[in-house]
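Undergrad: Line by line, the protein sequences give chains Z and L. Okay, so the first sequence: first residue is 733 according to the working numbering, each after it adds one. Okay, so the second sequence: first residue is 733 according to the working numbering, each after it adds one.
Among the hints, erroneous ones may be present.
Copies of the same chain are indistinguishable here, so a pair counts whether it falls within one copy or spans any two.
Said to hold, decoys possible - Here are the simulated SDA-like cross-link-like pairs (lysine to any residue), alpha carbons at most 20 Å apart as the crow flies:
{"id": "1", "residue 1": "LYS903", "residue 2": "ASN1051"}
{"id": "2", "residue 1": "LYS1059", "residue 2": "ASN901"}
{"id": "3", "residue 1": "LYS905", "residue 2": "ILE1054"}
{"id": "4", "residue 1": "LYS888", "residue 2": "LYS957"}
{"id": "5", "residue 1": "LYS1053", "residue 2": "ASN900"}
{"id": "6", "residue 1": "LYS1059", "residue 2": "TYR906"}
{"id": "7", "residue 1": "LYS778", "residue 2": "ASN937"}
{"id": "8", "residue 1": "LYS1059", "residue 2": "PHE968"}
{"id": "9", "residue 1": "LYS1055", "residue 2": "GLU777"}
{"id": "10", "residue 1": "LYS930", "residue 2": "TYR906"}
{"id": "11", "residue 1": "LYS828", "residue 2": "ARG913"}
{"id": "12", "residue 1": "LYS1055", "residue 2": "SER826"}
{"id": "13", "residue 1": "LYS828", "residue 2": "GLU864"}
{"id": "14", "residue 1": "LYS966", "residue 2": "TYR1067"}
{"id": "15", "residue 1": "LYS1064", "residue 2": "LEU1076"}
{"id": "16", "residue 1": "LYS934", "residue 2": "ARG817"}
{"id": "17", "residue 1": "LYS1040", "residue 2": "LEU1076"}
{"id": "18", "residue 1": "LYS903", "residue 2": "ASN931"}
{"id": "19", "residue 1": "LYS803", "residue 2": "HIS813"}
{"id": "20", "residue 1": "LYS795", "residue 2": "LYS1002"}
{"id": "21", "residue 1": "LYS960", "residue 2": "ARG817"}
{"id": "22", "residue 1": "LYS905", "residue 2": "ASP1058"}
{"id": "23", "residue 1": "LYS960", "residue 2": "PRO839"}
{"id": "24", "residue 1": "LYS1040", "residue 2": "TYR1078"}
{"id": "25", "residue 1": "LYS903", "residue 2": "LEU823"}
{"id": "26", "residue 1": "LYS1008", "residue 2": "TYR906"}
I should point out that these hints are in silico values taken from the structure, not numbers from a laboratory.
There are 2 protein chains.
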Amino acid sequence: MTTDEKIMQGCIALAKKGAGYVSPNPLVGCIIINNGEIIGEGYHEKYGEPHAEANAIEDAKKKGHSLVGAKLYVNLEPCSHFGKRPPCADLIVSEKIGEVFIGMQDPYKEVNGKGIEKLEQAGIKVTSGILEKECRELNKFFITYVTEERPYVTLKIAQSIDGAIALNNGKSKYITNKTSREFVHRMRSEYDAVLIGKNTAKMDNPDLNVREVEGRNPLRIVIDKNLKLPKDLKIFCDNDKDKTYVITNDKEGENLIRIKNKISSKKILKKLYEMKINSIIVEGGAHLFSQFLEDELFDDVYFFIAPKIIGTGLSPFNNFKIKSLDKVKNLKFEYQKNLDNDILLYYKNLCSQE
Amino acid sequence: MTTDEKIMQGCIALAKKGAGYVSPNPLVGCIIINNGEIIGEGYHEKYGEPHAEANAIEDAKKKGHSLVGAKLYVNLEPCSHFGKRPPCADLIVSEKIGEVFIGMQDPYKEVNGKGIEKLEQAGIKVTSGILEKECRELNKFFITYVTEERPYVTLKIAQSIDGAIALNNGKSKYITNKTSREFVHRMRSEYDAVLIGKNTAKMDNPDLNVREVEGRNPLRIVIDKNLKLPKDLKIFCDNDKDKTYVITNDKEGENLIRIKNKISSKKILKKLYEMKINSIIVEGGAHLFSQFLEDELFDDVYFFIAPKIIGTGLSPFNNFKIKSLDKVKNLKFEYQKNLDNDILLYYKNLCSQE
């Protein structure tokens, strides 16, 4: 690994601190080096607040360092447009930074190369594509959000080895262990929202919040076409009830997301995109998993596999039906992880952009 | 790892060369050391032929070495009884070996400590329990065979991630990839027999032999209560057809295994034990898997998981039914292995002796 790559790793680590707080903005970290020393660092901490570059420059100045001729590292191309903040590219130029190292170009159409152009026109040397793969993985939510104009969709499935997510009578609490649930809670703390179907809401009466680890709760979205779900479900009553949204055919109102006629995965994602939700975890049940699979509207799948055999039970993709083996949905295996003898198998959609 | 343990590892490696050829005998390897040098080594090569100790002693003598005062390492207690061969313990004593290092005591009731006793009575120092866990794993077939008086039972399941071993129309060729199939063929070359149910025989018309790797074919056993299976199935017609046995209610005859009334897993294993079969792989289908699971008559399970989603399909334990989650069958996770992006998950039965 080169020195530039090591510093970019540092930017990625900084950027991750913003996970859960900057959406729909990207995760960005920035490190400024002068004469081989780190003189400033910063990250985008919260949506609406200063960008990583501005924070790093501020940090260097506060410590009394000169920025003239310094090297600035950032995992995403500095912005060139006026959003909530003045463009970072302009700031870098005005501070007389000497050289800029970038992880990946910004896919957002308002930037997309214009930031780099601005820097180069001001005579700043720019190197792009440092740890590009890692930088793209870091910002997979953002990339999907701006290029596909929909949230990044993760399917999360907790099952027995033989592929049951519940008994035939619907019982599923808890198939997987505490370590798996901690992993899921950490995920929830970084995604904008979790989505479940009506049956899952009714059968499991889940909290869908972050309890096992530190972190902020996601929005909770439940599909309930005719608003028939009992009002005493936890998601409607607990302290976070104002973060619960219901997708319905029926009427408009506070915390209601109205979709007319058939509630398809495509229509759901369009609504969530309009709400500026950049990432969701679909947490069940089988009907919803099957729908997102069938429509190819998912980016990855986390299977948490408990060391148990359930036998006859509910299959995660129970409503997905094929007649010959060439119609199977192939996934791309990415990695596996032992979670205290539950096994996490992580796959990406072969058709996903990332 | 101590020197003694390293040498014992060598014994285990030698012993494995006999896999597939010594059943129902154990796998045994032997190394003889004098003045820090290996002077002889050998393993039990084939059922009915000399034991490992005799081969190693023969090897040392052939090379002109004296055995007096030498150290002998062997993964299993030397035998003390007359079987097909004179007792190895007697041979070791008569050759004036000085010290003996043993991996594990022989659980077979005719030996079970008597070999060690014989050596010690002759004034030979004996150390037992070197790499005992590894030695027990090596001879798990043999241990189960002599202590439980049944073959060691492995369930082998090839499935999609969502737990389908076949489509609803029964199609299952091939869910897993070539690397998984090679792994299974290597297993077959080391087990005495494979066992399948009637439907699997009819639907898949499998070869159940060793093609993808070098090795000898196992016996093939198929359950066909009323002898209704078509006679043109491969297992009845190919070059190995004399190694195919049919379990039936119906009549007696060549290559027929008659079981009266209900054909239970317990009765099957009793018959196979009488045939001196020390290990079987149950290769399907769901009915048979469920039966061995229900009866707790299995030792381990290999799940080969292809990166595919099948949706509605046949679950491996389709006939196993529970009503509450405290009735699940818990397994003990042992290891996972990436087989060219099929994932092998290996579990042991919590109730197994090993």
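Undergrad: Which numbered conditions among the earlier hints are violated in the structure presented, ordered from lowest to highest?
TA: Structure breaks hints 4, 7, 8, 9, 11, 12, 13, 14, 16, 19, 20, 21, 23, 25 and 26.
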